[in-house]
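Q: Sequences are here, hints too, so could you generate the full structure?
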Amino acid sequence: MNSATLSENLNRFRSLLALGLMVIALSFLSEQFLTPENGFNILRQISVNLCLSIGMTLVIVSGGIDLSVGAILGLAGAVAAGLLKNGLVLPPLGVALVFTTTGAILAAVLVGGAAGWINGFVITRFRIPPFVATLGMLSIARGLTMLWTGGFPVTGLGESFGKLGTGAFIGVPMPVWIMLVLAGIFVVVTKKARFGRHLYAVGGNERAARLTGLRVNRIKVAVYTLAGALAGVAGLIVTSRLDSAQPNAGLGYELDSIAAVVIGGTSLSGGRGTVMGTVLGCLIIGVLNNGLFLLNVSPFWQQVIKGGVILLAVAIDKMNTKGEDE
Amino acid sequence: MKRLASIPTLITSLFAVCTLLLSGCSGDGSSDSASSGSGRVAVVVSTLNNPWFVVLAETARDKAVELGYEATIFDSQNDPAKESVHFDNLIASGYDAVLFNCTDAEGSIANVRRAKDAGVPVFCMDREITANDVAVSQILSDNYSGCVALGEYFVETVGEEGEYAEILGIIADTNTWNRSKGFHSVVDRFPDLKMVAQQSANFDRAKALEVMESILQANPNIDAVFCGNDAMAMGAYQALLAAGKADEVKVFGFDGADDVVKSIADGKITATGMQFPKRMAQKAAESAHEYLNGKRGFEQRILVPVELVTEENVSNYGDSGRK
Amino acid sequence: MTSSAHSSALFSSPAIRWGGVALLVVVFWIVFPPFRIVSLDESGKAPAKGDESEVFDPAGFVDRFWEDRLEPNLGEAMKVEELLAALVVDPLEARKRYGLYDSRYYFAQGSGDVVEIKGRKAMLEVEGRIISLLIASPVFGNTVRDGTGLLSVNDFSGLEAFNAVSAVLNTKVETEVMPSLQESVKVGATVSFVGCAKAPETLGEGALLEFVPLQVEVSR
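Chains as they are written, first to last, in the working numbering: chain C, 71 to 396; chain G, 4 to 326; chain V, 3 to 222.
Mixed in with the good hints there might be a few duds.
If we take Cβ atoms under 10 Å as the criterion, some of the chain C residues that face chain V in the derived model are [said to hold, decoys possible]:
1. Leu158
2. Pro161
3. Gly164
4. Val165
5. Ala166
6. Leu167
7. Thr171
8. Gly283
9. Val374
10. Ile375
DSS-like cross-link-like pairs, simulated, lysine-lysine; straight-line CA separation at most 30 Å [to be verified]:
11. G:Lys197 to G:Lys184
12. G:Lys119 to C:Lys155
13. G:Lys286 to V:Lys123
14. G:Lys298 to V:Lys98
15. V:Lys123 to G:Lys184
16. V:Lys120 to G:Lys197
17. V:Lys200 to V:Lys120
18. G:Lys281 to G:Lys326
19. V:Lys200 to G:Lys326
20. G:Lys253 to V:Lys123
21. G:Lys281 to V:Lys98
Quick list of simulated restraints, FRET-style, between CB atoms [what the hints assert, rightly or not]:
22. C:Asn287 to V:Trp20: 19 to 25 Å
23. G:Lys119 to C:Asn156: 26 to 32 Å
24. G:Ser217 to V:Thr173: 32 to 38 Å
25. G:Ser217 to V:Ser113: 51 to 57 Å
26. C:Asn156 to V:Ala87: 57 to 63 Å
27. G:Ala121 to V:Glu207: 53 to 59 Å
28. C:Gly213 to G:Lys248: 27 to 33 Å
29. C:Gly228 to G:Ala249: 34 to 40 Å
30. G:Ala121 to V:Asp104: 31 to 37 Å
31. G:Asp269 to V:Asp104: 30 to 36 Å
32. C:Lys233 to V:Val57: 55 to 61 Å
33. C:Val242 to V:Phe34: 19 to 25 Å
34. C:Glu229 to V:Thr204: 54 to 60 Å
Derived from the structure by calculation, the hints contain no laboratory data. The structure presented is a predicted model; accordingly, all values stated were derived computationally and were not measured. Glycine included, C-beta positions come from ideal geometry on N, C-alpha and C.
A: Written out as structure tokens, the structure is:
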């Protein structure tokens with residue numbers, strides 16, 4: 071067992087401990103907290119953030135950042151809703167495409183993936199820092215969403231599409247299923263698959279990875295594409311739950327997802343972090359939100375407390391890396 | 004060193020928990036009056052980023068506390084998804100009623116329906132949801148009529164010919180259009196009153212300043228500007244002031260915010276429509292109280308009139324209501 | 003030359019792979035078709051989805067309302083003399099007693115002599131008191147919609163529909179009640195009317211009430 075996995079385990083242990091303490095404290099403080107209903111509640115609430123955060127973890131581990139996921143979420147949701155509601159009219163061909171729920175889902179994921187691919191392409195080809203490139207995409211995706219919707223929400227999307235966000239399968243809400251499946255896939259991919267090993271190599275030391283013959287650019291493009299596609303899935307969940315695509319859906323979500331990733335122990339300097347950690351990070355934020363709610367904390371204080379938790383998480387992370395360096 | 008790192012995590016949790024306890028206690032109300040209620044009321048508000056909504060939310064909370072409930076404000080930050088999370092939470096934790104200011108007329112329906120299905124009554128304040136069968140009652144501001152009156156005053160003061168600009172609120176907001184349509188239902192009848200620009204500034208003061216600057220660049224000769232809320236009216240006024248045109252261009256707002264009422268008294272802003280956030284919030288809280296005490300058969304929509312505030316009658320008005 | 007030989011040697015394996023992918027896509031397409039293609043009708047629009055809820059038609063509603071409910075109820079309007087008598091004693095008390103639609107409007111009938119024409123308004127004298135009657139377009143606001151007490155926002159799907167009704171009602175007054183008035187209403191004429199007016203909270207100068215007409219008869 072090398073030192074990297076050891077510190078990873080310690081990290082995980084700390085997150086688990088924090089989560090456990092919070093759960094125990096809240097169970098004593100609020101009788102509504104430890105109920106199955108509230109448990110699903112928390113899971114359903116973190117599902118959107120977790121979809122974004124899985125992608126964000128990959129991006130941050132690769133040594134980048136993606137500020138556009140919230141905007142891509144909005145765009146993908148709007149595209150799905152628009153296609154479902156109005157179809158796609160192609161006047162030059164004299165035909166219109168009437169989309170099914172399957173088609174809308176595919177379109178959202180494709181649009182998200184395409185936006186992410188453009189991020190990756192711009193970052194690798196033109197060597198634009200990810201911060202700037204994805205900031206550009208944020209604005210482009212928001213603008214496209216406005217153009218597509220005309221600034222108005224798209225509502226009334228039908229029952230079958232609504233099941234995606236509000237339905238349940240063996241008692242477990244659909245968004246929770248989606249989140250569990252995606253988290254499972256990406257835990258395995260990052261731990262066991264070749265792609266995962268390459269990803270950590272690229273994030274840890276890009277030049278070394280290049281010298282060993284890894285196709286760094288290809289990996290990076292793949293990472294941003296995945297982050298975009300996952301944002302598309304998140305967009306589907308949000309849109310379906312509300313039965314409405316809001317033109318400004320997902321505003322500021324990139325920050326929530328970065329927070330979850332950081333609390334989950336992923337280092338912002340790349341190369342270190344796990345999807346499992348991010349799952350814990352999302353849970354911590356979810357439980358914190360829910361707990362602050364149940365305990366009647368004023369919304370102004372809630373923001374202060376959440377900020378404090380993020381700062382503490384990063385401080386601990388820093389303290390640890392320092393310990394390793396010495 | 005590594006072991007010690009778990010101590011801060013512990014502190015985090017304790018810190019959080021303490022804060023909760025400290026701030027959670029503020030909701031206790033007096034419960035001496037005979038008809039006072041008991042239970043918890045949630046005030047879910049579209050945003051706390053605009054003082055008008057802070058007044059609405061805090062009045063609703065205070066009234067609920069006065070009636071004997073524990074009451075808490077939830078801020079949806081203009082995001083229906085956040086609002087949806089609030090509804091899940093308050094349904095799961097057994098709130099007894101919701102005083103609700105929605106983020107979107109259609110997008111919020113699903114949330115209210117979930118609450119209704121779970122047996123939690125919802126009372127809408129100020130903003131409408133476009134469904135008749137989910138909220139118990141909707142106490143709404145009559146934006147359209149208010150802007151009709153404002154439009155008539157506009158024609159009276161600006162005259163039957165001239166050029167004007169309109170600064171809209173959030174495009175997706177129903178009130179933006181209720182206001183704009185009310186205004187245009189009057190002004191469009193005068194073909195010589197020409198609208199030379201129509202732009203959105205998202206109900207935001209800073210954004211309105213920018214938009215007004217651009218409008219003045221393109222149309223230096225406008226006679227008046229109609230803004231969809233008072234924050235934008237103040238922003239537009241600042242831009243006019245900077246351009247040295249504050250005396251030539253008449254500014255019309257909507258809401259009845261404190262600074263605009265003062266500006267009308269000072270002759271800076273021409274007129275605004277006074278909405279009554281406090282009246283609506285109190286009415287919603289009272290309705291919830293009555294409902295929880297067994298009353299049924301509420302009217303689905305109750306329109307609260309908007310009053311025109313001008314230089315002539317400004318002395319009757321104060322912040323968010325009549326003096 | 004070499005490259006083509008090279009690719010032909012490798013041809014089989016990618017072909018099988020891509021063939022497999024294509025087959026999967028086709029099967030998926032058949033089982034879960036993402037969209038179907040329909041031709042556009044002449045208007046260039048895609049056929050609307052079936053579950054489109056019926057669209058509210060304010061003009062149709064107003065025509066029906068005018069004939070079936072408003073006209074039969076015109077006789078129910080209160081006597082304007084009675085209203086004025088109460089008004090001059092205490093406007094707030096009069097509002098409470100006679101006001102409709104949350105005490106904000108009056109619905110009244112009566113007749114008076116035209117004493118003056120002021121712009122678009124005719125000043126009528128009723129038992130020594132002055133009221134005004136709007137005789138020329140435009141008509142603004144919700145006085146017609148709300149003033150009769152016959153319509154409530156709760157009869158409609160929402161404020162948008164309710165506001166649309168108001169606009170159509172105003173147009174109806176402009177096009178069906180008013181056209182002849184500017185010609186016929188002259189100083190000295192006697193005018194019988196049924197109309198709606200906003201209920202004031204205080205007694206202003208000039209006309210005590212400002213009526214929007216729903217029905218007018220002019221005699222010399």
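Q: Work down the list of hints and note, for each, if the structure agrees.
A: Verification of the hints:
1. Leu158: Given a least distance of 8 Å, the restraint on leucine 158 (chain C) holds.
2. Pro161: 6 Å, holds
3. Gly164: Hint holds; glycine 164 (chain C) Cβ to chain V Cβ min 5 Å, cut 10 Å.
4. Val165: With Cβ-Cβ at 5 Å, under 10 Å, it holds.
5. Ala166: Constraint on alanine 166 (chain C) satisfied, holds at 4 Å.
6. Leu167: With a closest approach of 4 Å, the leucine 167 (chain C) hint holds.
7. Thr171: Because about 9 Å separates threonine 171 (chain C) from the closest Cβ in chain V, which is inside the 10 Å limit, the hint holds.
8. Gly283: 22 Å, violated
9. Val374: Result: violated, 38 Å to nearest chain V Cβ.
10. Ile375: For isoleucine 375 (chain C), the interface hint is violated, since the closest Cβ of chain V sits about 39 Å away, which is over 10 Å.
11. G:Lys197 to G:Lys184: Roughly 15 Å between the alpha carbons, so the hint for lysine 197 (chain G) and lysine 184 (chain G) holds.
12. G:Lys119 to C:Lys155: 26 Å, holds
13. G:Lys286 to V:Lys123: Answer violated: lysine 286 (chain G) to lysine 123 (chain V) is near 38 Å, above 30 Å.
14. G:Lys298 to V:Lys98: 24 Å, holds
15. V:Lys123 to G:Lys184: Cα-Cα ~25 Å, so holds.
16. V:Lys120 to G:Lys197: Distance ~26 Å between lysine 120 (chain V) and lysine 197 (chain G) Cα, so the pair holds.
17. V:Lys200 to V:Lys120: 19 Å, holds
18. G:Lys281 to G:Lys326: OK: lysine 281 (chain G) and lysine 326 (chain G) at ~12 Å, within 30 Å.
19. V:Lys200 to G:Lys326: Holds - the C-alpha atoms of lysine 326 (chain G) and lysine 200 (chain V) are around 23 Å apart, at most 30 Å.
20. G:Lys253 to V:Lys123: The hint holds at about 27 Å.
21. G:Lys281 to V:Lys98: 23 Å, holds
22. C:Asn287 to V:Trp20: 19 to 25 Å: 24 Å, holds
23. G:Lys119 to C:Asn156: 26 to 32 Å: 29 Å, holds
24. G:Ser217 to V:Thr173: 32 to 38 Å: 36 Å, holds
25. G:Ser217 to V:Ser113: 51 to 57 Å: Roughly 56 Å apart at Cβ, these two residues keep to the hinted range, so it holds.
26. C:Asn156 to V:Ala87: 57 to 63 Å: 60 Å, holds
27. G:Ala121 to V:Glu207: 53 to 59 Å: 57 Å, holds
28. C:Gly213 to G:Lys248: 27 to 33 Å: The hinted range 27 to 33 Å holds for glycine 213 (chain C) and lysine 248 (chain G), with Cβ atoms some 31 Å apart.
29. C:Gly228 to G:Ala249: 34 to 40 Å: About 52 Å separates the Cβ atoms of glycine 228 (chain C) and alanine 249 (chain G), which means 34 to 40 Å is violated.
30. G:Ala121 to V:Asp104: 31 to 37 Å: For alanine 121 (chain G) and aspartate 104 (chain V) the Cβ distance comes to about 32 Å; the hint holds.
31. G:Asp269 to V:Asp104: 30 to 36 Å: The hint (30 to 36 Å, Cβ to Cβ) holds, given that aspartate 269 (chain G) and aspartate 104 (chain V) are roughly 33 Å apart.
32. C:Lys233 to V:Val57: 55 to 61 Å: The hint (55 to 61 Å, Cβ to Cβ) is violated, given that lysine 233 (chain C) and valine 57 (chain V) are roughly 27 Å apart.
33. C:Val242 to V:Phe34: 19 to 25 Å: Cβ of valine 242 (chain C) to Cβ of phenylalanine 34 (chain V): about 23 Å, so the range 19 to 25 Å holds.
34. C:Glu229 to V:Thr204: 54 to 60 Å: 55 Å, holds
The structure fails to meet hints 8, 9, 10, 13, 29 and 32 from the earlier list, while all remaining hints are met.
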